[in-house]
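Visitor: Here's the letter readout for the chains.
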Amino acid sequence: MGAGHHHRIHRPGDTPVHRLPPQCKLAAVAAFAIVVVATPRTAVWAFAVYAALLAAVAAVARIPPGFVLRRMAIEIPFVAFALALPFIGLGERVPVLGLRLSEEGLWAAWNILAKATLGVVASILLAATTEPRLILQGARRLRLPPLLVQIAMFMLRYLDVILDEMRRMRIARESRGFVARDLRAAPVLARSAGALFIRSYERGERVHLAMLSRGYTGVMPVLDDAAAPPAAWARALSLPAAAAVVAVLALTVA
Amino acid sequence: MHVPDGFFNAAVSVSAGVVAAAGVAVCLRAARRELDDRTAPMAGLVAAFVFAAQMLNFPVAAGTSGHLLGGALAAVLVGPYTAVLAVSVVLIVQAFLFADGGLTALGINILLMAIVTAVVGWAVFRLVTAVLPRGKPAITAASFLAALVSVPASALVFTLLFWLGGTAPIDVAAVAAAMGGVHVLIGIGEGLITALTVSAVLAVRPDLVYGARGLAAPLVLRTADGETRVPQPAAPAPAAPARRPGRFLLGGVAVALVLAGVVSFYASGDPDGLEKVAGDKGFDAGEEEHGLAGSPLADYGVQGVENERLSVGLAGIVGVGVTVVIGGAVFYLVRRRTGDETAPGRVGDTGRAAV
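Going down the list, the protein sequences come from chains S and A.
All residue numbers for the first sequence refer to my numbering, where the first residue is 1 and numbers rise by one.
All residue numbers for the second sequence refer to my numbering, where the first residue is 1 and numbers rise by one.
Chain S extracted, bound-state conformation (with noise of 0.2 Å):
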């Protein structure tokens, strides 16, 4: 699970999806998810839809598929319980290429792999063509809880300076010779765990201080709030909008 993290999604560029505001981009992603959600999965049609309007969207923001495909990796335990489903699944049984799979099985694989895959690469796209800091912004012009995304936007600013301290800690316990090898390793990392607890918890008093020197009275100063223009929504919802329709003529279809 932690595995993918190390490598920022972001990909600079500067086609008409990355200048799109963030919070059209976060409302547009998040609809469109809760379309395919809602989708039935007997419309295959609908899925195959979905996937071209997102790779339409993909080829307006100049992602290449590899850097798409290769964020994928990130399903794959999901991927792995969805195709064990037509063997462990209940309900008839119908012959597929000599097996005797489970034919609600079959349908429930189908349905987890085709949404689940489209939720992540509308999250890739999202992630891909907008900097973690303007999708916080994002957030917040959304009306997030705004003590929520200020806890967010610490998290994101402070996170490499952590993941480097617990570089600096992995490098200093290997040049002493340790190698995590069982569960004899636990108490070493476990301390290590515990430095970098303490390291954090110091770090976040500091900042405290150092911003209440400099006003800090718990509400961070709001720079730029321009509203994004009616255009702009209407070009990113566009992407929902279009999936919605899709989903009535697949629903009334069904």
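Bear in mind the hints are in silico, worked out from the structure with no lab data behind them.
Each hint can be trusted.
Just a few of them, taken from the derived set where beta-carbon distance is under 10 Å, the chain A residues facing chain S:
1) Val3
2) Pro41
3) Phe49
4) Ala52
5) Ala53
6) Met55
7) Asn57
Using C-beta positions, here's what the derived DEER-type ranges look like:
8) A:Val184 to S:Arg167: 25 to 35 Å
9) A:Leu127 to S:Ala185: 24 to 34 Å
10) S:Ala80 to A:Pro206: 35 to 45 Å
11) A:Pro137 to S:Leu69: 49 to 59 Å
12) S:Arg181 to A:Arg229: 42 to 52 Å
13) S:Val219 to A:Ala224: 42 to 52 Å
14) S:Pro187 to A:Leu219: 28 to 38 Å
Glycine included, each C-beta is placed from N, C-alpha and C at the ideal position.
Following the hints, put chain A in place on chain S, whose structure we already have.
Guide: What follows is chain A alone, placed relative to chain S:
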């Protein structure tokens, strides 16, 4: 492991989202009461720590390794409210910035990995420390048990949600057995790492461990005249009385009920998950095995075969009800319990802030 999109149906996803939002809102208010304007930087740095600690791989046996989930650890180290906030923020950042965990499943992920682990972990921790004699060994043992119980508890809630609105046609008893078995093992690892980490922090900075407040010996000044005990600084006047979140919670529950009932009406055009399983007699088999025959939900599912949409709507509403009642009960207990001891907590906090 983060739940992706499409794993749960829309009704359960939305209901869990509303419950998670209500839980986070309660924690935001409570954390601000405990930490004042320190909330943002402290919770932010703790979130960064949790994120980093999740990357620390602990070797279990040859070839396999595990890592912390961190909910119970954070609850013991910084208190349940800040812990829920920190882990929730980690999950939010992972969903939006790292595409890890579905956006529609964010509520489920927060409910399972932040709220359930931290609340259950803290409840177990308080219980064990209340029973055992005071001291550092008790704190370490309580941390172990808290983390140990928190992981299967999270798996249990996962199974409950799966029963209400999972999209995979697996016998619920099988899910419960598989999830329970695996997560007891994971829980042992989590407990071990948590206990070791807490004892490492206790050895260096016991004042930083929220769960060990009040353990520090009073300051004694030894002068020529003898020893004088410095009294603990008086607790500051309690902050403005906390407004009870009753109205807010009621509103959230109402919204969840409407969404669960209405959304599922329109969302589940095809016989999805629950009622399909019921139709395939999956629940019937499950009932015989683990005695769910008396469960009203099983009845809804079975009756609902004639009217599938109604069935999902009802199941969604019942799901919200069950989740809210359980979550509400746990929150109420925790609030009561921590409410009793805000005074010593504030002393410790203000003392720390002044250092």
